[in-house]
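Visitor: With these hints in hand, go ahead and build the complete structure from the sequences.
So you can see what is in the structure, the chains are spelled out below.
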Amino acid sequence: MTPFRNRSVPCYAFPAMTSSRRSVLARALAGVGLALSYGLLGGYFVAYLFPPRRTATRRRLFVGRREQFRRGAAHPFVDQRGRTLLIVARPDGELVGFDSTCPHLGCHVHWEAESASFVCPCHQGFFDADGVATAGPPAAAGQSLARVTLEVDERGGTVFLQES
Amino acid sequence: MARLRRFLTETLPVDWDQLRELGAEPVPHHLKHWWWCLGGTPLYLFVVQVVTGILLTFYYVPDPDQAWESVARLTHEVRFGWYLRALHHWAANLMIVAVMLHLLRVFFTGAYRHPRQLNWCFGVLLLACTLGFGFTGYSLVYEQMSFWGATVAANLVEAMPLVGPAAATLMRGGSEVTGNTLTRFFVFHIGLFPTAMAALLLLHLALVRLHGVTRVRFSHEDDRPGEASFPFWPHHAATELLIGVLLMYILTVLALALPPELGPKADPLVTPPHIQPEWYFFFSFRLLKLTSLQTSVHLTLVVGLLIFAWPFVEDLLHRWLRMPREASVVLGVLGFLGFLTLTVWESFAG
Amino acid sequence: MSLDAKRIVIAVLSFFFLGALLLVAWRETLRHTPEGEPPAIVTGSNQACVTCHQQHSASLVMQWEDSRHAKVGIGCLDCHRAAEGEPDAWRHEGQWVSALVTPLDCGGCHAKEQQEFARSHHAKAGEILASLDNVLAERAAGMPGNNADAVNGCLQCHGSIIDFEHDGEGRIRRTGAEKRPVIDPNTWPNSGMGRINPDGSKGSCHACHSRHTFDAKLSRAPENCGKCHMGPDHPQIEIYNESKHGIAFHANRHEMALDKDGSWILGRDYSAAPTCATCHISGYLAASGEVIGNSHDVGERISWTLRPVVSTKIHLVRFEDGYQENWPDTRPLPAPGDAVESTEHHAKDGRLVATPLTRRVRDVVTWEERRSAMKGVCLSCHNHTYVDNFYTQFDDLVVLYNEKFAKPAQAIMDDLTREGLLDPKTPFAEPVQWTFWELWHHEGRRARHGASMMGPDYTHWHGMYEVAKHFYEKFLPQVEELAARKGAAATWTPRLEALLAREEHAWLRGLSTQEARRLQESYEHRYGAPEP
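So the protein sequences, as listed, match chains A, B and C.
If you read the first sequence in the working numbering, its first letter stands for residue 1, the second for the next number, and so on.
If you read the second sequence in the working numbering, its first letter stands for residue 165, the second for the next number, and so on.
If you read the third sequence in the working numbering, its first letter stands for residue 515, the second for the next number, and so on.
Treat the hints loosely; a few may be bogus.
Listed below are several chain B residues computed to face chain C (Cβ distance under 10 Å; list not exhaustive) [unchecked claim]:
#1 V409
#2 M412
#3 Y413
#4 L415
#5 T416
#6 W484
A partial selection of chain A residues facing chain B, derived with a Cβ cut-off under 7 Å [claimed, not checked]:
#7 G43
#8 Y44
#9 Y48
#10 P52
Please keep in mind that the hints were generated in silico from the structure rather than gathered at the bench.
Each residue gets a CB set at the ideal place from its N, CA and C atoms; glycine is no exception.
Guide: What follows is the structure in structure tokens.
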């Protein structure tokens, strides 16, 4: 005795279904139609879940004036995409910019002026002044820090970041 | 294949025969009339809302400084974001219409009477949940109308007798509409109301199955005992599936033709010259303009309670005042016309 | 409805649904992020400034947001940051700021423009205030304790000397919790071209590059220069508007690419007409195909000085320290390396001080070279003959003014002064002094400027006609009257007669009979014979 038996309506025997060609066609068409339409809808849902690539809205971003960058020191900067960058003024005066995200597992490296190198505190990764890993897990994997393009206007004394 | 079947039957010890019986459950003949699909319609739309709602939550941010922006980003930048938002918006509106029509159908076919009084109550609660969904959902967009609509609604709640101030504080998360309010509305919308609705739906559907669908006989039909019922599966299921696809089609056309746009962002310091709630609250707004705050709140409460308890009230009126049961139809018509009048009147004021 | 019928309907409906979904996909491909103006970037500590000032001075912040600075993240503190100890600095909401942004501040990024501007004539605009113009504004129009004519008039174009109020001990007065220095209200607001700033720099970039949008289309438009280069003594904007250049500009304003980002080159970015900037500052495509860049040294292409009583060609003497001077062609030119007596103007205690010093000459740019630089611009639209002939016409007018009116009048005034009939200590006591002043300073300049920029009406009716009329009708009679009054008629009357006996003034004695009859006939022909 199931609790789901309908009490108020008597149970009538139902005529057996004949599978005629029309029936098969009807089922097939309905099945295909449903599969295609709901399938496409599902496809849209999946596409929706992949976020659109955030393009940087500007090609150039003012970083600072040339004289703000002391030789041998690194200047932190956050760009429009939220990347944390380190801009190093080399002894010869040249400015180079790096993404401070360690290529190993994504921690942020910091600059050590005395040794002119980058250090990642998470797993002791070391990088030279060119961003090439010299010790630790990133070195083992042959990785280096990502470079960013800087536009230095010596005449105007301005430093811009080139966003791609 | 046989091995798979044996694996399934051993790990899922369901009585398959029982299930088949369940599926073949006879459904009364009158359900071939399309009016009786008005119960399944809001259920289907609820499923649509849950699916689209979950997807929208991937990008929506419930913070006053980011809510509006996240909806804008969703509408303009995310792939098919505008479509999902449109589906959600239109399914909400259609669901409210469907629930109201279902209520009318149940009322005018007397299906609320003994022994189905409790189910009627659950249904009214489901209507309240649906309206609650609509209200909180609209507030989440954090447009000017959202913010000020929430403010007005909270003031109405506050005017309720006895529980008003406490209810309003709970609703707002404070003595005025702030960031707290948005957080609360978000929780109501994606947590509290869905749970309540799921529970109520379970109860509602279980009771429908337990009681059986009310047998109705139309005067122009002969009593055809041979075709007095038909199996739920596949016949009624096909009907419901049909309605489902039809609804998806209608929703998509509405999404293409009338996608929801974004009004100006909420500004707590500037009240727009023209506040108006969503259409399903027009009746209340118009009542507010016609009477005082106290009167309209009390009136709304009384009418709401009457609707909720109508099976019992009708019973009492029948027994004590000898009111014929058919009088309910008249009262229902009058009530519905009243609601329509207020709603249409307010729509012209906008 | 039978089950099969339902299934067919499901199939049909699902294909309708599918069709609608395809339309959704099509709509999706059309969708793009709304093309609006890219928003301003507010970086780091500028955010605090913006948040507060958005309320206090909403339009100012909105102007900045519209600027190119904001588009690359250059914000408030990048220009308004000051160093502790500077006279105009105070500590505001945790930062040392100054309301004054001087050319040195702008030059932190715009070094080339600042250097060019600093050596230009514009930067010296504030150094004129020891001339008769000064006397007229401060003494003739002004009164002791109220220098409002100079402050509101002359200084607003020429530039004030920024100064602060001082307390009894001579320290800069400071006010409020932030101890903001109190600026002398007579010196600020002021965005005069040659404003002398507390940091020693001269000028105000804002004079042409209005803050805070620093809109290129404003700076390139002629109306911008017209704020100062207008009026009875140098009506350049009026002349320009009269000229074919101005007419072409106004008819084609929208094809001028005035709001183009970056460089603005005649012959490449626009061609419809020149503006003031085109000829005097901006870059152009030379005949060689090379782009000659712009220069904020506005005098580089000028060959005449039309300002003094008697115009001369001017050479540009450039010194090793970057300073430069215009030397008239009547003065012998120095050689590179020569040490030359020069002057340094700077502000001290709110007053302009001129200090003599020696500078070493780096090189000389002759007036011919300067004219050649200007012709480079003309040649973009006009051919050589056209340009050269124009300069012939222009030169002749200046020479006409010089020779017929300016030099004789100047000589007369010099002699009157030397003979004691005029006292340089009372420069406007006599009517003849006013007349002479206006003769060279007003109509004389109008005539010369009119010829320089092809404004015929300014050259003649507002110019040489009035020079001639006032010379004959006022100046000479006033000289005679003065001489008679001071008992020097014996020397002066014959002298004036000798002047008027010269060929160019002979017309005063009368036209020939032939000329008179031709005159009469032409009027009768035009207007009919007079009534009997």
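Visitor: All hints are to be evaluated individually against the structure, with a verdict given for each.
Guide: Going down the list of hints, with the structure as the test:
1. V409: holds, 4 Å
2. M412: Cβ of B/M412 sits 5 Å from chain C, so the hint holds.
3. Y413: holds, 4 Å
4. L415: OK, holds: B/L415 within 10 Å of chain C, min 9 Å.
5. T416: Result: holds, 4 Å to nearest chain C Cβ.
6. W484: Because about 46 Å separates B/W484 from the closest Cβ in chain C, which is outside the 10 Å limit, the hint is violated.
7. G43: violated, 9 Å
8. Y44: holds, 5 Å
9. Y48: Holds. Min distance 5 Å.
10. P52: Hint holds; A/P52 Cβ to chain B Cβ min 5 Å, cut 7 Å.
Checked against the numbered hints above, the structure violates hints 6, 7; every other hint is satisfied.
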